[in-house]
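Engineer: Going by the working numbering, the first residue of the sequence shown is number 3, and it counts up by one from there.
Be aware that a few hints might be false.
Across the chosen pairs, the derived CB separations fall in these ranges [to be verified]:
| # | residue 1 | residue 2 | range |
| --- | --- | --- | --- |
| 1 | Ser154 | Leu409 | 37 to 43 Å |
| 2 | Val186 | Met261 | 19 to 25 Å |
| 3 | Gly216 | Ser154 | 28 to 34 Å |
| 4 | Leu268 | Ile431 | 32 to 38 Å |
| 5 | Ala57 | Ser154 | 26 to 32 Å |
Treat the hints as calculated values from the structure; they're not laboratory data.
Remember, predicted model here, so these are calculated numbers, not experimental data.
Every residue gets a Cβ at the ideal spot worked out from N, C-alpha and C, and that includes glycine.
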Amino acid sequence: MASYKTAPSPSSRMPDGIPYIIVNDIAERFSFYGMKAILVVFMTQYLMSTDGQLATMSRADATSYFHLFVSTTYFLPIIGAVIADAYWGKYRTVILLSVVYCAGHFALFLDDTRAGLFLGLTLIAIGSGGIKPSVASNVGDQFGKSNEHLLSRAFSWYYLGINIGSSLSSLLIPWLLKAYGPAVAFGVPGLFMLAATVTFWMGRHHFVHLPPAGKSYLKDVFGSDGKRVAGRLLVIYVLVAAFWSLFDQMGSTWVLQAMQMDRTILGYELLPAQIQAMNPFLIIILIPIFSYYVYPLMNRYFDVTSGRKMCMGMFLAASPFLVTAWCESQIQLGNTPHISWQLLAYFLMTLAEVLLVITCMEFSYTQAPKRMKSLVMALFYLSISAGNLFTALVNQVIQNPDGTTKLVGASYHLFFAGFMGIVALIFAIYMRFYQEQHIIQEESKQ
């Protein structure tokens, strides 16, 4: 550790370690979202028994299994954050848990039974969940007061990297599944995760390595300031969980809906799982537009605070499920609506994501005490876990013993739209009284 930087250097430029983090981010997200894009299709069409026979899941079971996996993945950042902040440090945590992550992909590559699925997803949840808060907070750790003005841009690049990897894998991996089967479709994301691990290792001498807090960590967390910050932010994250309960249904409910829609565009029929690529593709377009045009224009008329951005995103998030409710009503009538209607829902959800999620990530980092950056980022990821757990529970509760559901067709989508609207109103009231702060790392003395 002696040869590593332990504090940001005074500089007005973008830190040298950021490109390594972004490339690692692109490759890691390619691996995760590529695997995630085909999970529901794999479980409902390709899952095998130990004797080589098809043993697929029902749509409801696959949806629940999918959201339980996502929920677990985004719960484990809490453990990863404690390990990173108190014991191993962020760099060591990312490297070691990335090896576990790679092993999970390898298990999915080797075994297409439920045992292989369970082992692979468990290892991926541990690896992916464990590194999340360290990678995200590591972005902010590279900055000091001199280049603090570039922090928002760096988090935008970081989120852009997530969506570059996601968009490419969401198009490629479903095609690989159809053309070459599960082994290749799960193997390619594994190779990208290996590349992500090597890239992060190559950047080790360019990163700022903040030393772990050790025994004093618990005092920081459970001290008066730590409990106050965590308590105020937890209220935000509990409410933001509602957004994730809708957002991540792009990988489950919306894929199943797309199977029953006309997916032909310009003479080419898209695979249901490929429609998910629209979200990251739109992110890549919308992030620069909002950063360089929309937000500066809005600032001419009123102060665009983090709270106001997040409130707009929360309210907007209800609208996509009104669109998918209409699509579902048409399907129930025996019609085959065109996929362009679902693409409209993707556009609205992505607008909400740009306003809410990127803002919430930067907001989380700046609100956290210096020794609690990873933990607060983990609490942010916990909102994703809670949202997916809620969706999984709803899908279990609405099932009837005969396999039918209590929320049929459009009523399911309208339930989530109404739920989101109510939570958005509560969120707006809470943020009206929230007082923001701004905490950044100290620079080294030169």
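Engineer: Against this structure, judge whether each hint is valid.
Structural biologist: These are the hints, each one checked on the structure:
| no. | hint | verdict |
| --- | --- | --- |
| 1 | Ser154 / Leu409: 37 to 43 Å | holds (40 Å) |
| 2 | Val186 / Met261: 19 to 25 Å | holds (22 Å) |
| 3 | Gly216 / Ser154: 28 to 34 Å | holds (31 Å) |
| 4 | Leu268 / Ile431: 32 to 38 Å | violated (46 Å) |
| 5 | Ala57 / Ser154: 26 to 32 Å | violated (48 Å) |
When held up to the earlier numbered hints, the structure conflicts with 4, 5 and fits the remainder.
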